[in-house]
Structure formats: C-alpha cells, structure tokens
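Visitor: Each protein sequence line maps, in turn, to chains A, B and C.
Count along the first sequence from 1, add 6, and you get the number used in the numbering used here.
Count along the second sequence from 1, add 989, and you get the number used in the numbering used here.
Count along the third sequence from 1, add 9, and you get the number used in the numbering used here.
Please keep in mind that the hints were generated in silico from the structure rather than gathered at the bench.
Heads up, a few of these hints could be off.
[Said to hold, decoys possible] When the alpha-carbon atoms are kept at most 25 Å apart in a straight line, the in silico BS3-like pairs for lysine-lysine are as follows:
1. C/Lys237 with B/Lys1220
2. A/Lys8 with B/Lys1169
3. A/Lys25 with B/Lys1159
4. C/Lys153 with B/Lys1220
5. A/Lys60 with B/Lys1038
6. C/Lys153 with C/Lys237
7. C/Lys300 with B/Lys1038
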Amino acid sequence: MKGLIKGLGVTWKAMTSKKVTYKYPDVPLQMPDRFRGIQHFDPDKCIVCNLCAKICPTDCITLTGKPNPDPEKKGKVIDTYDINFEICILCDLCTEVCPTEAIVMTNNFELSTYSRDDLFKNMDWLNGNNELIRQENNSAMPKGGAKKNV
Amino acid sequence: MIRTEELLLNVGPQHPSTHGVFRIVVKLDGEVITEATPVMGYLHRGTEKLAESLSYTQIIPYTDRMDYVSAMTNNYVLVHAVEKMMSIEIPERAEFLRLIVMELQRVASHLVWWGTYLLDIGAMSPFLYAFRDREIIIDLFNELCGARLTYNYMRVGGVKWDAPPGWIDKVREFLPYMRKRLNEYDKLVSGNEIFLARIKGVGAYDAETAIAYGLSGANLRCTGVNWDLRKDEPYSLYDRFEFDVPLGVNGDCYDRYLIRMEELRQSLRILEQALEQFPSEGETMGKVPRVIRPPAGEMYARIESPRGEIGCYIISKGKAEPYRLKFRRPSFVNLQILPKLLVGETMTNLITILGGVDIVVGEVDC
Amino acid sequence: MSEEQKDKETKLERTNNVSEPQSEESVKPDTEVPTDTAAEAETGSSPTANAPASTGADKPMRAPLTEEEKAARVQAAAEARAARAKAAAEGGEGSAEAPADKPARTRDKAEGDAAGEEKPERPARAPRAKANEEPPKPKEPSPKQPLLDRLVAMLKADVAEDAVEDAVINYENDHLPTVTIKNEHWLSCAHQLRGHLEWSCEYLRNLSGVDQETHLEVVYHMINLSTKAEVAVHVKVDREAPTVASVTPIWPTADWNEREAYDLLGIQFTGHPDLRRIMMPDDWVGHPLRKDYESLDSEV
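Bound-form chain A, shown alone:
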C-alpha cells in the first residue's frame, strides 16, 4: 500500500501546482523567431537562380522566369512561383540556399484549408503572406549556402 500512497501524494500535490496548459486557440501562440512556418516570397529580390527548386527534397517548388522587361538590366525576373503545400515539409532548405533572401519563412503555421486546391500557393499569395516574417534566417550558413573552401 505504501507505494500507492506515495504516488497519490504526488498526484494530489499536482492539483495545487501552477497550470501549464495553453489556452490556444483563444490565446494565440507565440512562436520563437526561428520557427519554420509557411514561406513568404518577395519577387523583387528573386534572381531566378533556381537553387531553391533544386534543393527542395520533395520537389514542391516550381518557378519560371522571364527576361527582364527593363532592357538595360540583365538577368531574369520571376514570372511564376508556386509551392505545392501538399508536399512541402517545411524543412527550410530553400531559405537556406537563397542568395538574396527572396524566400523566407514566417511564423504562420495555421495552414489548414477546406480544399486541396487551396494548398497550391502561388506567387501572389506568398507575397501577400507578409506577417510575422522571421528575422533571423541563415545565421550559421553564409548567404548562398556553404561556400567552397570556406
């Protein structure tokens, strides 16, 4: 019996201790800055280098570029940029390799939708998703991923 009584003592003590439950969803959850939520895309910064599409482990990023409409500037400008959120695993490898930080993660994790079509996010949506963008992106990695002979 003694073991049972000692155990009960612990349980009763827990009744009077501080509650640790979060009252989510009434109280929104604050995620730390590095949290990997859905991405935010800034088309002005994108240089269409395709590194994000190449590194994605599930191949969920598809993008096309068009030549720069401004005849003086060289390089490409982004035309379409889609992320398929059915298969994105939020691993943030794309933000790790992006040399210009055009694609960054936000802290937005509430991604449920009622239809699968809504999960195919295009550029406008990703651009508009500009709340809670995380500040610290590649703190350990130099821009553009690991450099040769770093």
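Fit chains B and C to the known structure of chain A by using the hints.
Guide: Leaving out everything else, chains B and C in the frame of chain A:
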C-alpha cells in the same frame, strides 16, 4: 457441446498501444498466446530508395521522420557517416551543440517512452506529466532550430544554427528542474505495487538470447551485457564526460524500466558536464565543399540512439547522391525477439512486453 | 612513375598466392586511366592508376579474375592507401581527402563491382600535392592488417583455399577489415566466424542487400562484443538467380533482415525458416530497391 478453439486475434494496425501502425497476429488459446506474428510495413515510405536520388543534405529531413521521437540522433548518424567518409573536421562548438542536443533528445525520447508505457499499462497521469516536461525540451528545440519534431538541424560539417542568446542558460535551468521531476516520478511509479506486480518477471530473457538476436540499447543491457556505444565505440565528444551505464540483472521488463529511468539521470549528468565545458565562441560549420561528394567507398557508422544502435551504411560511388543508403534501425532489430517472448504469455502481458521493447514504428518500417 | 612500378612489385612480392603481377578487375580501366593519369599527371602519386595503364589494353572485359590476382591487387592497393593515409595524417587537413578518395575507389574496383561504378568526379584540390610528396615510401599498414591476414589465413585453411575473394581494410571506417567471400562457401565461413575461438563474432550488427548493377551483394557487419573485433563481409550474388545461404541458424537476428533483403531486392536465402515479404504487401510484384525497378505509378 462445449469445446475450445484457437482464436486468431488481430492486434492493430490501428491500436492505441502499438506505438504506431503496427500489427500483431496472435493465436490465442483462452488468454494464453500460442503464437504471435508481427506484421509491419504499414508505414514503409521508401526512405532508402528515395535516398538514392537525393543529395545528402536533402536526405537529412527524411532521416528526421524515421524515428520521429528522437530525430536528432537520426540526423546525427547520417551526418556522422558522411563526415567520416570525407574526413571532415567539426569545430568544437558545433560538436558540443550536437552533443547537448542529442542528450536533450534522449531525455525527451525516454520521457515519451515512460509516459506512453505507463499509459499502456493503465496509468493516466504519468503520461501528462511526461509530456509536460517534454514540452519544455521541445520548446528549447523550437527556439534553436525552428521546429518541434522534425528538426533538420545537423548538416554535414556542423550544425545549421548557433544557439540563440540565452538558450544555454535555459538549458542550465532545465536540469535541476528535471531532476526534481524525476524524483517525483520515482515516488509516483516505481514503488507502486500494482505497477510492480504487472512488470516484474515479465518478458525475461538471458544475455545469450539478447546477443544472438542482435538487440541493443536497454534491451541488451537489461541482461547484464555492458555494451553502450557511447562508451565502447565513442563518437562525438562522449569520451570527455563521465557517466555510468546502468545494467540490469534479470532481463525482464522491470529491469528495462529501471535502466531507462537511470539513463535519464545519466543524460542529465552528461548535459551538466557539457554545459560547463561549452566553448563560449566558435564556428558552427566546418570546412565543407559546396557540393558534398564523399569519395567512393563504403561506411557503416553507428551511434547509440535512445532505442539502441542506429547505424547508417552508405555506399558511395563518388557522386553527390549515395549509391545505397541503408539504415540499421534499432526498433526493427529489437522487435525480432517479440514472437519468441510472447509465446506462453497472457494477452495483458503482450502490451507490457511490447512497450518495454520501446519501438517507434516509423523506424521499424523506415 | 617508375618508382611506383617498382614499389608496386616489391609490395606484390610480400603478398602470398601471387602468380601474376597487378591485373585489373574493373570493367572500365580504360575510361578511368586517362582521367586518373590526367588528374594526377603532375603528381604521379597513383600506383593503382599505373596498374590499369599497364594491363588495361589486354584485359578482357569482365573476365573473371582469379582470386590471387584480386587479392594481390587489393593488397597492393591497401598498402598504397595505408601509405597515403599516413601521408595525409602527416600532410595536413586537406590532403585527407585525396588519399581517402582514390584508395577507396580502387578498393571498390578491387571488390569487383564493375559496371556500376563510374569515375568519381574530383574537384581540383590543391592539397593533393602534399599527399604526393611521400607515396613511394613503403606504406604503414593499418593496425588491423595482421588481424585481417589472420582472418584470411584462417578462412583459407579451415574452409577452402579460394573462399576469400578479397580482403581489404576500410580505412575511413575505423580500419574495418572487409572480406569478400565466395557465395558457395559463405555458410561454412559464417560458422567459422561465429565459432572459431579467435573470432567468435556473436553479434551480427547489420545485414543489408545491395544492388550493384552487374550483380547483387549482401553485406554483413559483425562484431565480437568482448574483444571488439569487427569484420565486414561481402557476399556477391548472381543477379539472375540470386541465392545465398541464410545465416539465421547461426545468428537469429538475421531473420528479419534477410526478409527485408528478399522483399526489397529479391535475394533468396536458402535455409531461412520463413522467407516472405515484410515491408511490401504480400501480393506485391517486383523488388522495389533494385535499380531497374519500374514503379507502378511513376508520377508519384
């Protein structure tokens, strides 16, 4: 006319106590099991086949999802294998971060095991206590690398993120808190007569069986075999720290329980020493080429995950993708002893024994 | 180059069962030679590259080589590698990559996986110069080399003269002795490894099947927990009718591992108590992990 027949019972694949999608086909004679056949493959995602078309950095998120309860050790085994093949040196701060993170992960994983094991046996409150404490660790990881379960934290050559300011102090505060909690858990459970009656003497086997079946982790040490990869084949910085390896005597579920609780305490001890020796500054990534191409060859690297020996066997032909990547998963190998142990046991002991083996089905199926 | 030639021959004298000098086992010595020598022409540090140069022209494609030739080549490669590893250890951090790269590659060649292996791309590396300063020196053999020699001798004596096809030390993997054993002798060799007093590797850690494109292979890693002696064993299996003796009677842990190899690669294990599919559904057709596997739904 009354007669008895053998009953074929299906435990799973949807079952709250099988720790995942896992099925055991059990032949029962009354309540006594005459034969048990595990059936797995419900969670087979083809990681090994996928890995043959992905570069090593791309495989790291996949390793997280194998043993999802202790993802850091999975990350580490892959990264360690590649680094050994390429003979890359890791800066000390990165190695310390890895070790701290792995030991915290061991604490978290054993807490999950403890909570779910006791829940299977019938006690509801330890489950919530365990998960409350695990939340603290998960929040620490959330601050460190941005995810709660699938961290994608380690990279070939180091780690991705450095510790944010204040993180090390938070880990330091966590240790005495956890110790206090562990004493409470002992009071709650370890002396409980009902618990002891259910666990003692159940599912016992001897050292020779354990070695023959290739068991590892607590399943091997409960029989008295002193084999812990952190001590016997030291990797990372484990040879700098003092810690004990708890051993069992009888090889039953109670010994495994005690061993894992003691391993929790030893992990806290390692963490304390690591935090003392933590270098205050340093790089988090070593010198790594831009494209990771290990030289042609093969490598079998193994570490001690909370479940046992996890190994990563890579055959590389010098390209950016592995030619063959095989994971030696501890849950898969440890589970082989289940059919042998279950013969002659009652149905109630099936759950006890299965929980004592500590499997994660994501790892069983890979 | 000549000194390496000479050095190679002296090394070959030390190995036993040598009837001929170096011979090439890889299928593509020709493709590898030019790039090899090109990449290292200035340094000239590849005794193994010399081997293809000398015999590549007359080597028949995919002709089975005798074990002596393979053993000899591999012995030479192992010692070359040992020297380079030593050189690298003295030479500095970058050069570690250079020795690890080449010898591992030759070891792969030596183990006879032929077509599946193409030349690894080698980014230009400045540190290579360091490793090449000292190659002609007699290589310091690995500390586990005597162990490996004893193992090979034991297997040759107790099982069969030609049981061991190949024996190397895998330097990066903590000097793991790696042997390749012939398929028909595998069961007896396994009994030896388990029962012989010096070895008694009672803990089989890992059993994996590999699809090297010309043949299949089963790889075993085992260890003796008290003496920590470890061995890795490769057993080559035919691709058309892949059968290998099951070691489940010796190490019960091989049970499910062999079922997994059967399921995913199609390797039949004779003597296995219950060989059926384990991961895939029971009525699945095909073996997914094979390189030529066509999945049902390739869009996925």
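Visitor: Does each hint hold? Answer for all of them.
Guide: Against the structure, the hints come out as follows:
Distance hint between C/Lys237 and B/Lys1220 is fulfilled; the C-alpha atoms sit about 12 Å from each other, no more than 25 Å. Restraint check for A/Lys8 and B/Lys1169: the C-alpha separation of about 21 Å stays at or below 25 Å, so the hint holds. This hinted pair checks out: A/Lys25 and B/Lys1159 have alpha carbons roughly 20 Å apart, not beyond 25 Å. For the given pair, C/Lys153 sits about 21 Å from B/Lys1220 by alpha-carbon distance, which is consistent with the 25 Å threshold.
Annotation: proposed proximity of A/Lys60 to B/Lys1038 holds, straight-line Cα distance about 19 Å (limit 25 Å). Restraint check for C/Lys153 and C/Lys237: the C-alpha separation of about 12 Å stays at or below 25 Å, so the hint holds. A threshold of 25 Å between alpha carbons decides the hint, and for C/Lys300 with B/Lys1038 the separation of about 9 Å falls inside it, so the pair holds.
In the structure shown, no violation is registered for any of the earlier numbered hints.
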